Structures are given as C-alpha cells and as structure tokens.
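Novice: So the sequences go chain by chain: A and B.
In this text, residue positions in the first sequence follow our numbering: the first is 1, and each later residue adds one.
In this text, residue positions in the second sequence follow our numbering: the first is 1, and each later residue adds one.
Since the hints were made in silico from the structure, they are not lab data.
Here the structure is a predicted model, which means the values were calculated and not measured.
Hints may be right or wrong, so weigh each one.
What the hints assert, rightly or not - Covered by chain B, according to a simulated footprint, are these stretches of chain A (three or more residues, beta-carbon under 8 Å): (1) 241–255; (2) 688–696; (3) 830–844.
Don't be surprised by glycine CBs; every beta carbon is placed ideally from N, CA and C.
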Amino acid sequence: MSGQPFRLVSGGLVDRRQSLRFRFDGQDYEGFAGDTLASALLANGVRLVGRSFKYHRPRGILTAGPEEPNALVELRSGARREPNTKATTVELYDGLEAASQNRWPSLAVDLLSLNGLLSPLFVAGFYYKTFMWPAKAWEALYEPLIRRAAGLGRASGEADPDAYEKSHAFCDVLVIGGGRSGLAAALAAAREGKRVIVADEDTRLGGRALTRPGDADALAAMLVELAANPRVTLMPRTSVFGVYDGGVYGALEKVSDHLPEPAPFTPRQRLWKVIAHESVLAAGALERPIPFADNDRPGVMLAGAVATYLHRFGVVPGRRAVVYTSTDEGWQLAADLYAAGVTIEAIVDPRGAVAEAVQAGVVASGARRLIGARVVRALGGRALRGARVVDAHGQTVTLRCDLLAVSGGWTPNLALTHHHGGKPRWDEVLQSFLPGAPPPGMRVVGRAAGEGLAPLVDLPAPPAKGKSFIDFQHDVTAADIRLAEREGYRSVEHVKRYTTLGMATDQGRTANLNGLMVLAEARGAAIPDVGLTMARPPYAPVAIGALAGPHRGRDFRPTRLPAAHGWAVRQGAVFVEAGQWLRAQYFPRAGETDWLTTVSREVTTVRSSVGLCDVSTLGKIDVQGADAAAFLERVYINGWASLAVGRARYGVMLREDGFVMDDGTTARLAADHFILTTTTANAARVFQHLEYCHQVLWPTLDVQLASVTDQWAQFAVAGPRSRETLARLVDAPFDLANEAFPYMGAAELTIGGGLPARLFRISFSGELAYELAVPARYGEAVAAAIMAAGADFGICPYGTEALGVMRIEKGHAAGAELSGQTTATDLGLGRMLSKTKDFIGRRMAERPALTDPARPRLVGLRPLDPAARLRAGAHLVALADPADAAHDAGYVTSVAFSPSLGQWIGLGLLAGGPDRLGERVRAVDPVRGGPELLLEVCAPCFVDPEGVRLRV
Amino acid sequence: MLIPCPHCGARLSEEFVCHGDATRQRPAYDASDEAWTDYVYLRDNPAGAHREHWYHAAGCHAWLVVTRDTRTHQIIGVEVAR
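Whole structure, please, built from the sequences with the hints as guidance.
Specialist: Now the structure itself:
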C-alpha cells in the first residue's frame, strides 16, 4: 500500500488483490484493477499531468469522466501511440504506458510556459490580430511557431496495426446511459417484451450510482434481471456519439482499449450503426465549475469528481481540503472526506444561507464554514497551496489546502438532444437549460431531463484581475470573453468562434455554461437571452480508423476478379486496376525487359497471327421482351428495329443533355432478346440508366433487364488465325466460314463437345476477330482451351495495354474520349444519329453549340519526328499561334507506340479537327515541361482504314 | 436515414442512389427549347416536402418516388415509380 499513498485501505470498486503496474512519463507506479489512469495517478500522488494548450500552464485532473479538459495524455508507444487521450476515461491495465503532452523539455520545467508572461498578446482572436502582416510570413514563420508552441499530442505517424470493425444493431429501444434512470427505462421496456440495447461510455454500468456509497448495490438486482433477458443487450464501453435521421444512431464500442493489445481476431474498436424505433437519453448531468483566478492549479477539482475518486476508487486526491460549493451536495462531500481522514480546512459557500441540517454534517470536522463567501484566487504553482477567499463581510481570508473541491451545481447533459437542431429551453425554476425538442423518437429521462437536480444559484462573477479559466482545454479566460464582447462579438456563436470557447476536444462540457454566464454579465443580459451554443456530432471523439473500419489499404473497396483470373495469373500477367476490376495489363515473357517490348510483341502477334484477351469485365445486360427492340430504339442514337436475329451492331448512348454516355456492341439473339454490352467503367451506371428509362420514363414497354456481367466469361480471339483457332473448339455443325458467319454475326452454339456458348464476330482490334462467351464457371477452362487450340499458330494472351494500342491504331473512342464532354459528332459518330426517331439526348444534341463544326473533334495525331514520344494531355496549338490558354485548340487524349507504324501516334480532340486533316499543329506541354512537338493531323484510323481485314 | 422500400422494407439510405426531382415529365421531342432546358437543367430546391427519385441500387433495383421533407429528412411517402 505504501506505493499508493493516497489510496484508502478499503472502500471503492477497485480490486486491491489485483495490482497493475503502469508507467507515466518514465516513472513506474502501481494501481488496481478497476482504476482509471487518472485515479491511479491520484492514488500515487501524481497531480501535475499536463501543460495547457496556449500558456503551457501546469494542469492537473479536473474531472473523473469524459468531460475532462486537462488530463490529456499520449497513451501507448510506437505505432499504437494515441494522443489526446483523457486519463479519466483510460481503464488501467498492466503495463500501461502514458506520457504527458505539450511540454518541453519536461512536464515540471516547461520553457514555453513563458507564453504565460506574454499573455497580453495571447488574448481572444490573437491569431487574427497579431499575425496579420506580412502575409507570406504566415506559412514560413508564424504557423510553424504557433504549431509547436500551442498544441496537443503527437500522432504516431505510423500505420495503425490494429483492426477496426463496423457493425449494425437493431432494437426497439436504445437506452443511452446506464445509470439508475437508464436501467429503469431499459427494464420497463424489456418487461414489455421489447428488444433493448443499453449503451454506456463507462467501463461498467451504473452511472452516478458508482460514485455514491451503497448505491451500486441497489442497482445490482436491475442489472441481473437485464443481463438474464435475451432481448436485452448491455453495451458498456460504448459511447453513442451521434443521432442521425430515421432513428439511426452512431456508437463507438471500445472493445480492446482496456488491453495492452487487442486479442487475436478482435478489433480495437467497433463502430456501430444502431437502428432503433425509439431511444431513451439518460446521459445524466454535468457539474459546473465556479471560476476564480488561477482556478487551473493542479489540486483544484470538481467536487463530484472528488466524490467519484473517493467512493468509486478509494482515493483521496489531497490531505487538506477546501470545499467551495453552491450546493448541499458539497457539504456532504466535506463530511465524507473528513470521514476518510482528510482535514477539512474550510467550506466556502457563495449562497447567503445554508440550512442548519446541512451544516450539521460537518460540525465534527471542525471546518471553518464561510457562508456568503467566495474564492477569488487559488494559490500555488505546479501544485495547489491554498486559496484566497473574500468572506461575507468583505474580509480577505487566506486558507491553506492541497485540494480545492469546487461545485457550481449540476446541469443536464444535453448534447445528443441538439443533434437534429432541437434548441434547449430555459427552465426558470432550475435556472438551467433543459431538453427542448429532442430528435424524433427520443425521450429524455433522469438528471438529463432535470429530474432531481437542485436549482442553480447565481455564481460570483470571476474577478477582473488574474486568469479565471472558463475553457481549460483551450485556455479561454473570463477576460477573453469580456474582451470579445467589448469588441462587438455579441452573439454567443460569434464569441465561441472568436475565442474558441467550447471548441476543444471536450466540446466545452465544463465551459459552456460559465462562458454564457460571463457573456451575459458583460452584456447586462440574462443567460437565456444570450442563448446556448448547439452541440453537433460526434459527442465523443471518434478515431478516423474507426470510421474507416476494415475499408483501408487493399480492402478499401472490393476487388472483382474475372472468371479466368487464375488462368491469367498462371500466364504471368501483370495486373492493373480498372474500376473495381483487376485486369491483366500485359503478359511479359522471359527476356522482355520492359512493358513496351511485351505490349508491342502482343500487338504484333495479334496483327500477324492470333491473340486472346479476357474481355469479361465489359458490362453485359440482357434485354428481353416484346418491346425490347423498341426500348433500344429509345436509348441508343442509332436504329435497332432493323437488326436481324443473329446479328450484332455497334451502338452509342447519349445522356439526356446530348453528350455521349457510353458505347458498346449489342447483339440480337431472338426477336425479343438482345444482349447489350457496355464499357467496363460504365457498366453499373448504364444499367441504372436503363432501369430509369424503363421504370420511370416508359413503364408500359414490355421489356425486362438483367445485368449478366458476372454470369458470362467472354474472350476476344483476334487475328488472322482466329477462325482456325476457334474451328478447333466449336461443335459441328456450326460453320465459321465468312459466308456462313460474317462480320457482325452473333450466334448461340456449343463448344468443346456440348458446352453452351455465344459467339460474336466483332472486333476492337481491327483484325478478323471473335468474342466467345461461356458461362462464368467455365471461364478458366475455356481460356486454357483456346490457348491450346491456337498453340500451333503461336497464340499469345494479351492485356489491356495491347488492347489500347490496337484501338488507338484503329481510332476507336474509349475512356479518354468518352469524357462526358464529347458529342457523337465530336467522336466522328454523327452519321449514326437517327433522324427518324426520338431517343435519349437527341433534342439536346441538336442544340447549335453541340453541332458547331468548330468544336474540338476527334482526329489522329502523328509526330513528324518518328522518334518523338507523344504524351497524352499535351495541348494542341496552331503553328502561328502563341502557346497560351487563349489559343488552346484542343488536347491529346490517348497515345500509344504503334508497332504497326513503328512510331508513337495519338488521338486528340482538335477544334474543327476533321476539317484540318494534313495540317500541322504543335503539341505543347507547359505544365509538365515536356518538349514541344510538331504533329500532323490525320484521320483517326491508322491501320486498315477500309476495314478489309474485318471481313475476310 | 431509413427509406421504406415497398419491396425490401426499411433500408439505410446508403443502399440507394438519389436522382432528385421526380416531378418533371420528359417533354416531347418537338417541345420548346425552354421546356427541354427546364427538364434537363433546372431544379427547384424546395424547403419542405419534395418528391424525389431514389434507386435501390444495393437492393431490388427499383426506382422509387420518395416524398421527403428536405428540412427534417422525414420520409413522408414511398411508391414505386412505374
């Protein structure tokens, strides 16, 4: 016991048989199971725990709960270091390490406390006033200086090694706060058969009963009944931090914060989304400090906190106490402290009179009773030495003490009632704000509703001289608030922002009401006329890691793998992310030293023989119904009614504003059955759009839509030997001959002896090519079968890079050209625009500005120097024009090294482009600083412009 | 926010995509430029009850007309769009 000089021999809810070692600022201490870091520090006589934000003043522990403004520590070390943790809420565990923050070089000797001497400069709004000029000094000089001098703890700077989870919970009644009122409400609901969740931020349920001798036992029976009810979930260590729309509540469960490290497969914290029909707010009340000069000396504590340390933790935070209270409860505390062996120097009560019965309890202590008196200044530096009091007769009295317990009465904890904008109401009897309009479905009970609270009394105004702290965490004094008022900040919301009152991590729980009091006094107004600032979520700090949950790094979003992914892995593919998909980018072979060598080899193989590319990621939408063709007529710019069964057609869709949305090939498998493809990137958007067109615009059309992207694996088999390759796979009697199955043919058939498949003779590469679709579960096997069938022809797999090179060689528009800012005419597809039907986007596409031939339109671009490398994003400027924004004539959208031409080529959008074929333009790249190139404008199709190879 | 989908029951708003104003009717092709501009670009921003299209993207894929109070997010009514 000698190690814990301020611990009582008995009493409290700590387990004295379970000793826990911990370390604070390099010193070793012991505490007990059931302690918080704060109670264990106090038990060891450690009272100086931090330095203040702005003035670096020595600070001690003010409270015993989440409202703590002072005792912020860095918890743990290394990657698990967690700054700004409230020592009053940290559950002690064996081996805990913590360090004080915001001091240099040490907590006892902080050189930056010189800031206190400069305090006339550090008044309200000092950032705005002092560091105005010169403006450029802000980033270079002032901000780094201020950041070092004023601040909180340090982040670890390392990746968080722990896991975080997200979860949903559903209940009839969510009870927020597990004190007596909350448990009673939970029990009443549970007995009606309702599903109940009780959440409490404390480590154990009980609330204020834990801080009053004997009360905890009274709750035991309630807790037993609740725990036995399968419809009741008790969630300690869980703070409800936000109330959202429709009965959705955000809550944070600290699953493993009370352990050195989370157990295997256990998260550190769990973010809950609780969906509740109704909620009961039983958040209790907060104690109000009474401000006086130097009221932040370590040893000045809230009276309720002293009672908590005494009764819950068996700790006396001092040997010689002065109790400064405006409530009868404070007198009870004095009696309890005396009973615990503390000398009571005096009880100071600002009220004019105190009932004899209340005073009787402290007679035995022999304490001086200074009624109608007020504390004007705390004495001491790093530790409290005494208090200066002005008594009822105006005489100054100096008291000696190392503990000054302060209580200005209790006010309801309203924060969650504000989350839907519900303003509190002023209660004349209690002289306090009560819940006004809580969020829908929320009922407020117990002390949070003002039940059982004594009316607040007028407190003495903070003295004009000295620093009377109102907001401890942000170092906001009464003088700052008065100054703000003199400078014209009259609205409480403006005063808050100007002085930063109540804007620290504790959201000003101990500060807000006193701030109002000082402002009201300065304005000569009543507190309800000044108003109350509104609390917003989160009620308690929530780590970004908890909000991210498991969605970080590789798991930030799902990765979709095509059916033949395993095959591509075995082929040695290098993969690239394409939206959610992981696609094979290229397939390097031994001896190939860079990607360009590989890609060029893949292109050359396709153009000279045959290649295989997995195109399964393209969106596939099954369209069926008697009106399927009519529906396609309305969503595509070109015609579909005339498309024969067994044929495919390229189609373009516009948005309703006339710009191109997407393109793809759609095949007609039966009179009432089409299979439509989209680009990989737009698959979900196009499906949503088609559903909109069907369900909202034309619900009477007989058409059904189904996304079948994942159901079919699809492979492009491209190159002059593709027919011979496929001939080894398709079952008889299917005839691949050009006449039997011509370009743009589509068929359902079987391959490999009975496997159902679909075959489309379509080409993105510009070669004789097919796309073969099979049920996804056969994807891997069919890819391997195609490779085997083409082995004699030297077939190679090719990836998205070779695909891109060949489409640029052919001048096909793709992602970079389908930018949402291009029209069909811009892309050279104007001839497809039907003039005989209405379709989505037709009317707006016909606007003069969208049909202006001077718009940037698709062209091919070829550097005159065949060795020059063209870069996408370079801007196009006419030869005679200066290279500036005013003369910008367009830009390079896509580039590729064309093995077929032996040089870099590009596609671009050039003002009036198709009318400028043969002209020379400059490509300039001022932002990246690339070299200026001379380009020849040409038709976008570089290879086989007549399309002969497609039709052989 | 919870949206009571007529097919799936009350679901969190994250499952839905909001498409805005549901009061517009697509004009005929030969309607005036003003009618088309209004339909494509102009949207009211009422304070109070507002009919909006919501798509149950992570659910039944139904397009819904949700009547929502824009000030309180109260869902006043939900029906399928068709």
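Novice: Determine for every hint whether it applies to the structure shown.
Specialist: Results for each hint:
| no. | hint | result |
| --- | --- | --- |
| 1 | 241–255 | holds (count 5) |
| 2 | 688–696 | holds (count 5) |
| 3 | 830–844 | holds (count 4) |
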